[in-house]
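Chemist: Take a look at the letters that make up each chain.
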Amino acid sequence: MTGFLRRRAITSLLPLVAVLLGVFFLARLTGDPANLYLPVSATPEQRQQFIEQNGLDDSVWAQMGDYLWGILHLDFGESLRTGESAATMALRAFPATLQLAFSTMLIAVVGAVIIGSWAAYRPNSIADRISSFLSMTAASVPDFWFAIIGVWIFAVGLGWLPTSGVTGGMASWVLPVATLVIRPLGVLTQVVRGAMVSALSAPYVRLARSKGAGDLRVVTHHALRNAAAPALTVAGDLMVGLVNGAVVVETIFGWPGIGKLMIDSILGRDFAVLQACVLLTAVSIFVLNILIDIGYALLDARVREKVSA
Amino acid sequence: MTAVLEAPSESRVSSQVALWRLLLRDWVATGAALVLAFVALVAAFGPMFVGDEAAQQNLLDANAEPFRLSDGWLNVLGTDALGRSVLARLIVASRTTLSVAVPAVLLSLVIGSLIGMWAGYHRGRRETVVMRIADIILSFPSLLMAVVVLYIFSPSSANLILVLAITRIPIYLRTARAESAELQSRLFVDAARTFGTRSSAIIFRHVLPIVLPTLLTVATLDFCFVMLSESSLSFLGIGIQPPSVSWGLMVAQGRTYLQTAWWLSFFPGLAIVVTTVSATILASWARLATDPAQRWRLTLPRGRRGRRAIRRAAEKALTPEVQ
Amino acid sequence: MLSPPSPRKPLLIAAVLGAALIVSGCTVANSEYVTGGGAGGLRIVLPEEPPTLEACQSSLTSTGVVLRSNITEPLVERDADTGELAPKLATAWEQTSDDTWTFTLRKGVTFTDGTPFDADAAAFTIDRAVNSDLGCEVEGYVFGDTDLDVKAVDATTLTVTTPEPDPILPLRLSFVEMVSTKTSTTEKVRVPIGTGPYEVADWQSGQRLSLEANPNYWGGRPGYQSVNYVWRAEGSVRAAMVTNGEADIATSLAPEDGAGELAVAYRNNETTALRIQADQPPLDDIRVRQAINYVVDRNTLVKTLFENLATPAGELIPEGIVGYNPDEKVWPYDPAKARELVAQAKADGVPVDTQIRLIARTGQFPRIAETIEVIQSELAKAGLNVKIQMMDTNTQLTYQIRPFPEDTGPYLLMIMHGNQAGDAAFTLDQYMLREGYQSSWGTEEFDASIRDAEELKGDERQAAFEKLWPYEQEKVVQYAYIAHMSAILARSASVSYQPDSATGDEMRLAEMSPVS
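Protein chains in written order, with the numbering used here: chain A, 1 to 309; chain B, 1001 to 1323; chain C, 2001 to 2516.
For the record, the hints were derived by calculation from the structure and aren't laboratory data. Check the hints yourself; a few may be wrong.
Claimed, not checked - Below are the EDC-like pairs computed for lysine to aspartate or glutamate, each with C-alpha atoms no more than 16 Å apart in a straight line:
| id | chain 1 | residue 1 | chain 2 | residue 2 |
| --- | --- | --- | --- | --- |
| 1 | C | K2188 | A | E78 |
| 2 | C | K2467 | B | E1053 |
| 3 | C | K2151 | C | E2094 |
| 4 | C | K2303 | B | D1061 |
| 5 | C | K2457 | C | E2084 |
| 6 | C | K2475 | C | D2284 |
| 7 | C | K2182 | C | D2127 |
| 8 | C | K2188 | A | E84 |
| 9 | C | K2467 | C | D2447 |
| 10 | C | K2329 | C | E2474 |
| 11 | C | K2457 | C | D2127 |
| 12 | C | K2088 | C | E2506 |
| 13 | C | K2381 | B | D1061 |
| 14 | C | K2188 | C | D2127 |
| 15 | C | K2457 | C | E2164 |
Given these sequences and hints, build the entire structure.
Modeler: What follows is the structure in structure tokens.
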């Protein structure tokens, strides 16, 4: 296990640098930010001064070198927009996004396993059809619909929940999480159902049944475990999307997360903040992928065991 | 197990005929197929008939409510903020939408699956490299890429397809890799290998048919994701550029009117939902229909008792195969 | 063996990890969420968080709307309704020689850090904002590259000398917000120390900004003890917060955001126009530019898309600004005439088939996308080949501000200009002079008349400015003016406040009070 972790950490380092480099170069293709930060009537000298102050006059390679050197000293640069340290801004925003992501995935996974297994137990039955239809619809409805309509109904209409913000305690979590959970729930339910349908008709499950295992036991102990691998892949990808920031939800509900920060720094050409955000999310995504692979390895071991049995 | 998995090679022709019959037996799947055919026909021929009406602005008749025939049948779904027929625009938009979403999904599906299967089949270093590349794309802010490609170059359809495809490649790549990595250790693949079959042939003949159903399921779900991504690019002004119109653009532009003129974004949103749901239903049906171990489910007679009886019979018939 | 040894392990791991992260995350974030509350205070929801509250950036809209006249104050301020200057930290001012103005400062004013406000502090602030290397927004916006010579004569007397005579120097100085002498001169600061009725109490970045009333304010207690700002990017959510009682004031709303009866529309100083990049063929032909003007149907746009909240425009400044011509002439809508002009130009060999880009900024004003589509469709009817391109702010600004990008081909640019200063000179310098920072075209004669008019004072100045607008429409035609715009805010029934044309740039909290 430790060997595996060490190998993964090392092989992940290079891609991490690649992501950083890519962001660094692409960001600089979007144009220099002087127009946004200098007054409209800035003279050419002022422009030049701004560019020099922010080190944008060096070659991209020199800037890159400076940046990497800074990172090694835990200096991630300063925000052009706010004048704060870029690392502070990214670290401040990230927990809000992580909380949303984890609560959403927890609900989505549990929900999908229950609904998906139930639907798969009798493929093509009415229950299966209805749950499939609902989950497919859920997966394809634009998320801002839920968000905006949710605000009207539950906040403005019924007055049960706050419209937005993070200051309203647990109640303020309901709408953002509900909006976020719908698509992962729909997609995962589909995946679990599909995998379960295959698993339930697989020989070893039939064997378990023929040996007299009860329905519930068959589903939970035998089929579900086999259906876990594809679900894990998809759940992992969905989680990655959430960790990268739920831009729509963060924007509509004023949730101070990393997705909104990234958008703002892209639109504001705030390169240091953008790079800090990407570094943070990229590291988390790499860690997440390692966790997923560990999950695979565990599942795999059991799958192998079973086949040999 | 091996026997079951190798089964699809038997008599192709007869099974295709049977597929049609199977489809017609399943009214939900038939409906889904009809919807998709309808959408395809509308996209192909609709713009020829209502192209001018879709561009015809009439500011004095803006945001007219739907379901009224007094303004002519074209305004039956209401008019938009510029007084254009929502129905006509939906029809014209269907072509743009499909001509962006379908190539984007196909492109990412083909590239992602091929590389993923190759990586999963060979495992080892090749697999590691490919997976790390997938990690790079996944953790890269896709919005930044979109902004660069679409602002700095141009917001053309081709660039849009490119951006959407690249961001979705890792999804197929990882799915295909995971499944083919598991398959390559199976007995029948081993057997093919010991007979000296080339690896590309093994991938196409043995791995692909098994991985494909899953990939197609993912692809149909992704179809709507791509349409909605295109829509969210429109919020930033880098999606489809007016006066061209796509469902995603209509949804994005109509969003601000959700309270005052819900039909502006509801109908295009509905079009996206209906199309995707139909595609998903058909895909999940096809998954059952092409899987010999599952196919019997579709041939069941209607009614509960009969179905249960047949299932028991089928299970009994299949059980002895287990080693 | 069908049941494996440890079936729940991965699930367990995942659950533990998830729970741990949620718990840790919660504690991090919750400690921030719980503190402070808006109970009893005024709650305002803005479209975006101020990036900084640095006083010398106050001409940035999102900074100025929170900062100006609330946390910091200028020497003089402009009354948005009358256009006259009113005393603030200066009680009197006069032009003591051609190039020098003398200000008499208010006595007994202290900054919130306890340091007194005197001529030294004023000189310090002006030097810092205008003559330093900080690169302040105010410096460029108001003063161009002019350096000022500032002297503190005694504690309450300040003289400001300019290289050239400047008849509107006090107006320009109304943009400089006074800060304590303890403020850094080498870098910008996020939270300023000012003399205003409020001071910053707590700023939870990303979430909330709280102000508390300044107990030692020279002008008396404001209506609210505390003010909480939050920000939501989505207009309909801002409106819903007010209708739902979560906020008292919401700004920058669109008509369709649903504020209902709580919506208050008011004229802002913004005017929309198409700038025609007239140095590029076919736009270098005046007939093509006239044709563009003939097909912009301003009356219908105002009646429909702008919901009668705007008025058709024939000049770039609205009523209330010095230099506004009340005899405003709006181009008539005449597509036939436009087609004829384009055809004539084509007959003379002007390449009218060249693709012209119609560039606009996403979210520039409510219904920008719809407006652009209407204009594009009309231009196409006139026989021009026009393609829409929406851009984000930074990309659009490269087209709006000199130096313009090269090899762009012809383009039309949607601009929205708000003259915050109240004098046409600010507009003319940038938008009308041939070399203006936001101008691509002009004539030598027009430049000369602008320069002459800007030297004048009083009624002469007004009369000279008035003549410039018809001249621009007849001889220059760099712009197709569209409309003088309005803004909407939502105001809860419990707050008494009347927005004015400057509210978008400067929302004075002292003017707000609870309805008794």
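Chemist: I'd like to know which numbered hints this structure contradicts. Please list them from smallest to largest.
Modeler: 2, 11 and 13
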